[in-house]
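Listed in order, the protein sequences are those of chains A and B. Numbers 1 to 161, taken from this note's numbering, label the letters of the first sequence in order. Numbers 1 to 129, taken from this note's numbering, label the letters of the second sequence in order.
Worth flagging that the hints you see were computed from the coordinates, not collected in a lab. Here the structure is a predicted model, which means the values were calculated and not measured. We put the CB at the ideal spot given by N, CA and C, even for glycine. Take these hints with a grain of salt, some might be off.
Claimed, not checked - With the C-beta cut set under 8 Å, the calculated list includes, among others, these residues of chain A facing chain B:
no. : residue
1   : Leu-13
2   : Leu-19
3   : Leu-22
4   : Glu-26
5   : Leu-81
6   : Met-85
7   : Ala-128
8   : Met-130
9   : Val-134
10  : Ala-135
11  : Phe-155
12  : Ser-157
Claimed, not checked - Distance windows between CB atoms, simulated:
no. : chain 1 : residue 1 : chain 2 : residue 2 : range
13  : A       : Glu-15    : B       : Glu-120   : 25 to 35 Å
14  : A       : Ala-158   : B       : Glu-58    : 14 to 24 Å
15  : A       : Pro-115   : B       : Glu-110   : 35 to 45 Å
16  : B       : Lys-16    : A       : Ala-60    : 40 to 50 Å
The primary structure of each chain is shown beneath.
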Amino acid sequence: MAGKPDTLLFETLMEDLSLHVLDIAENATRAGARNVLIEIAAADARLTVAVKDDGKGMDARTSQRASDPFYTTKEGKRVGLGLAMLAQSARETGGGVRIDSQYGVGTEVAAVFRPEHPDMRPLGDLMATMKALVAAFPAVRFVLDYTKEGEHYHFDSAKTP
Amino acid sequence: MRSTNIAKLKIEDLEKIARRMKKVIHLREGEAKAKIIVHMGTCGIAAGARAVMTALVEAIEKQDLSDVLVTISSCAGLCGQEPMITVAIQDQPPVRYVNMTAAKALEVLEKHVLGGRIVEAYALAANNK
Ligand SMILES: Nc1ncnc2c1ncn2[C@@H]1O[C@H](COP(=O)(O)OP(=O)(O)O)[C@@H](O)[C@H]1O
Ligand SMILES: [Mg+2]
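Bound-form chain A, shown alone (with noise of 0.2 Å):
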């Protein structure tokens, strides 16, 4: 996990998980992908979230700010806070932030947290983005695999009944 000092710079605004993974998976849409997979998985204390996209991806050097609240490739902003909050609520359980990308493959954000950590977010309405996603992007194919105590859930919206 990307090793940063736990200096709290700002506040994150996402109240919940959900949240994240809609603001993650915006990222994806934006880097032209075409192919969005959305995983969330409780097990041993922990949770993961990971998305993972086949966009335009970072070179070496974007990849290594992405983080940086300062970062953006956006014209006309000065803050890219969207990756830097994610791993601050991460971080703030005590977990963290994994980002690997390749240039013109694709890009893997992956989240951990410590659901047991006080200051652990709810997950939140995960439905309620998946649907906007869906419902904003019907040309992408968005997978979602979710899993937690044996539970699992799967959904393909390239394989809809």
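Keeping the supplied structure of chain A fixed, place chain B with the ligands upon it in accordance with the hints.
Positioned in the frame of chain A, the structure of chain B with the ligands alone reads:
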């Protein structure tokens, strides 16, 4: 288990939306009568843009408005006035609405998108008033 049933129902709900939205993909090639863009950058999401989006998608589904598209765009650079939507009706200049809630967005859908009258009270002043 009860929670399982709830989640299953919601997955079906998602599938219904996915199926429906795929049918309107062809509208994206410029055929849609109206397009509503919900600004869904980080600030918009933190300010409640998802609830605005959900309300619009559900209303469009319920009323079967097959020629109205809802989509997402990124931050519009006016983070203090999120949530924001932009209404773009064919052959008319787009109108941006600020400080939206689900209820206000539904009012914009009804009055502006369907009724043709701009809701001035929520619109961002275009001419620097
Ligand atoms: N999935 C992704 N694919 C490609 N680039 C990304 C992805 N996610 C983030 N980035 C890059 O990291 C930057 C910072 O992201 P973020 O913190 O969400 O802020 P913002 O989206 O407002 O710019 C983005 O501007 C973009 O350059
Ligand atoms: Mg972002």
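To see whether the hints hold, each was checked on the structure:
no., hint, in the structure
1, Leu-13, "holds, 4 Å"
2, Leu-19, "holds, 5 Å"
3, Leu-22, "holds, 6 Å"
4, Glu-26, "holds, 6 Å"
5, Leu-81, "holds, 5 Å"
6, Met-85, "holds, 7 Å"
7, Ala-128, "holds, 5 Å"
8, Met-130, "holds, 5 Å"
9, Val-134, "holds, 5 Å"
10, Ala-135, "holds, 4 Å"
11, Phe-155, "holds, 5 Å"
12, Ser-157, "holds, 4 Å"
13, A/Glu-15 x B/Glu-120: 25 to 35 Å, "holds, 31 Å"
14, A/Ala-158 x B/Glu-58: 14 to 24 Å, "holds, 23 Å"
15, A/Pro-115 x B/Glu-110: 35 to 45 Å, "holds, 42 Å"
16, B/Lys-16 x A/Ala-60: 40 to 50 Å, "holds, 42 Å"
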